Amino acid sequence: MNFELTEEQVLLADTVERALLAAAGSRTGVDGEWDAIVALGLPGLLVDEAAGGAGLGAAETFLVMEALGHAGSRAPFLSRIVLPCAFLHALDPAAPLLGRIASGEATVVTGGLDPADAPLSCSDAGVRLFGTLLIPDGCEADTLLLIDREGARAFLLEMSSHGVATAEIERLDGGALTRVALNGASGELIAQGDPVIHAADAALMLGNAALCAEAAGIMRALVDKTSAYLVHRRQFGTNLSSFQVLQHRLVDMRLHQELSRSMAAGAAMAVDAGSASSPARVVAAAKIQLCLAGRRIAEEAIQLHGAIGMTDELDVGRYAKRLLVIEQTLGNRFHHLDRLMAESEICDAAKASERACR
Amino acid sequence: MNWDPSPEIKLFREEVRAFARASVPDDIRLKFERGYRLGRDDYTRWYQILAARGWSAPAWPKEHGGPGWSPLQRLIFDDEMLLAGAPRIISAGINMLGPVLIAFGTEEQKRCYLPAILRTETWWAQGFSEPEAGSDLASLRTRAVPDGDDFIVTGQKSWSSYGHFSDRMFTLVRTDPAAKPQRGISFLMIDLNAPGVEVRPVRTIDGGTDLNEVWLDAVRVPRANLVGALDDGWTCAKYLLTLERTTIAGIGACKQQLRRARMLCAATKHGGRPLIEHPSFAERMALLEVDVMALEFTALRMLGANAESGSGAEASLLKIRGTEVRQAIYAFLLDVAGPAAVPWREEAMHLGDDDPAVAAELAPLAANYLDSRKLSIYGGTNEVQRNIAARMVLRP
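Here the protein sequences line up with chains P and C, keeping their order. Using our numbering, read the first sequence as starting at 684 and increasing by one per residue. Using our numbering, read the second sequence as starting at 127 and increasing by one per residue.
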């Protein structure tokens, strides 16, 4: 494994970080951040060059998501870019819709991909769809990419079409969820069978790796903020950072943040490397690590800030709440623990006892 | 960012693996994998096999008989050796004195001592800690008073690992009591067979006697045994602390013990079913796998980063986490042993014990667990490591 960034990757990370900083300065909120993402051509990050994109992969997704996390951004890069592009690309890298996402003409969000989503039901040979979904950042999307995992089918449908009712719900982290009720809406069947399962797995893997990267960026911000607070805050006539009990707790925060960053980067590298690296196992392990460390670091950040850490005005709480949402997106740690136990050698009891008898 | 190692590194791993699998003597491998006690003869025999291959001192440069490996190569070596059942290199001569002599020794000292260390003809013990100088090493009081061409050394050293089977000891001694604590200390090599030296093994909670007290009563030591400048021994001590960024995390050891846990979970039954089929064991096993993976990725990441890009706290963070994870695995192994941990027989720590009361694989686990408690104490306690790391990590 080589964790070092290429020159292009360093440049990408710097550019995204600077653009997000500028957007934050301009006080235009999520819209400003999204404009910055579009201006940098990031919607085409995962789209092949032949289709008008940059043809990049999980490593670059890691860099973008880490920067978004660190900046505390709520820009819907995961829901509008990473998930639909990963799914569509796995189905057909030359799909015209990918080019339209890259150019910003199409805004696509996925539904039915998250293990928490309720199953869909269909009628009329599968083109009439019924069900209710909670879709992150779905409000401004024009197209819904629906994945029916049980039936192994994928559909495209216009958000404005007949039989689609949407309602906005606020999210724990201050972002937006769209409640989409499908009542006989007609969708265009774009794939079925094994390719759908394969594409859903690919999207979930890249999506989870991306969430880990965002969480790693958030943790870096939380540890940096807590460190700075301990250095500046004075009590008992001295800086809080002079107390050993606080020093040690901060070191542990930094340690778990570094472990998390390594796992997030490792997951991205495993996704890029493909099956030889057992990416399913690495991604599941990474998500578990990031969920556990995320809780720990967020709780410590609040505690070490004292009462000010409980205020809504301080951004520590916003970062902490984003971590809680990440935990529950695309499978929480229990889901991934089950996956890891299924993937891992530990269930290969026969092999293990054979070794034991050597 | 790339998952796959370079072709050279891949080849290197294969080379080390092939050698390790073919070369570890069966009895030594069995002792090591079962967690039995190893003696001087076991270590010497294995290190001499490594020496014949030119690999007995992985961190030494080529010009002094080492293989001249990169940090990554050393990590891979550690990994493959442990997974093949080879005991770690615990020799203080190889790990500590050698690098100090290479950095600070005279040509004469290098010529005289390095070859015998490489071939494990001489066993060296470390003599740093004292009864009143543990974590606060600079408060050490063992005195070395110049007397002609010699020093007369008087004092007491504690926690000297493997001192009972060592021939010589390298120590930190006070040569200028008037100077500030860290200024008046010198690095001195002492023959443990000299008159006035007494080595007393200390029995530890795991039943072992690897730790020793060394009493020095007016021991005559030639001035030629001084390493580095007089009163400048602290420089050597600090140098030792910065040496092992790479293998300090003990990733090979974690993987090897995790594999042991996995096998024992499959082979040990509770309520008629293998432990691994019990959700509580399966979950802990999986979480330990996550911990080991995170540790390994972090070591590889910090290894790749050049020194300037890190905070300087990397070695401390890796030491803290590496020992925490290893201790967690040993604690898990203790739970795997369950009631088999209760019978306490020294024979169970040695090859050839055939008491049927407890499975031979489970019998050593209580002692192994107790022994593992030292990991967060030696090499700078994890609390001292946190103090060091805090200086780098706490920035405005």
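Derived by calculation from the structure, the hints in this document are not laboratory data. Keep in mind it's a predicted model, so treat the numbers as computed, not measured. For every residue, glycine included, the Cβ atom is placed at its ideal position computed from N, Cα and C. Be aware that a few hints might be false.
[What the hints assert, rightly or not] Calculated from the model, a selection of chain C residues having no Cβ within reach of chain P, i.e. all distances over 12 Å: (1) 321; (2) 367; (3) 465; (4) 470; (5) 483.
[To be verified] Cβ pair distances, simulated, as ranges: (6) P:687 to C:406: 39 to 47 Å; (7) C:264 to P:1025: 50 to 58 Å; (8) P:732 to C:131: 22 to 30 Å; (9) P:871 to C:143: 50 to 58 Å; (10) C:395 to P:866: 49 to 57 Å; (11) P:958 to C:309: 57 to 65 Å; (12) C:430 to P:928: 28 to 36 Å; (13) C:396 to P:866: 40 to 48 Å.
[Stated by the list, open to error] Stretch-level coverage of chain C by chain P, calculated; a stretch enters the list once three of its residues show a Cβ under 8 Å from a Cβ in chain P: (14) 129-139; (15) 405-415; (16) 443-457; (17) 502-513.
Hint check:
1. 321: holds, 45 Å
2. 367: holds, 17 Å
3. 465: holds, 20 Å
4. 470: The claim stands: residue 470 of chain C keeps its Cβ more than 12 Å from every Cβ of chain P (closest is about 24 Å).
5. 483: holds, 20 Å
6. P:687 to C:406: 39 to 47 Å: Given a distance of about 40 Å, which is inside 39 to 47 Å, the answer is holds.
7. C:264 to P:1025: 50 to 58 Å: Hint holds: Cβ distance 53 Å, inside 50 to 58 Å.
8. P:732 to C:131: 22 to 30 Å: holds, 28 Å
9. P:871 to C:143: 50 to 58 Å: holds, 53 Å
10. C:395 to P:866: 49 to 57 Å: holds, 54 Å
11. P:958 to C:309: 57 to 65 Å: With a Cβ separation near 59 Å, residue 958 of chain P and residue 309 of chain C satisfy 57 to 65 Å, so the hint holds.
12. C:430 to P:928: 28 to 36 Å: Once the Cβ atoms are compared, 33 Å apart, the range 28 to 36 Å for residue 928 of chain P and residue 430 of chain C holds.
13. C:396 to P:866: 40 to 48 Å: violated, 52 Å
14. 129-139: Holds, because 4 residues of the region 129-139 of chain C bring their Cβ atoms closer than 8 Å to Cβ atoms of chain P.
15. 405-415: holds (count 6)
16. 443-457: Three-residue rule met by the region 443-457 of chain C, so holds; n is 3.
17. 502-513: holds (count 3)
In terms of the numbered hints stated before, the structure departs from hint 13 and from no other.
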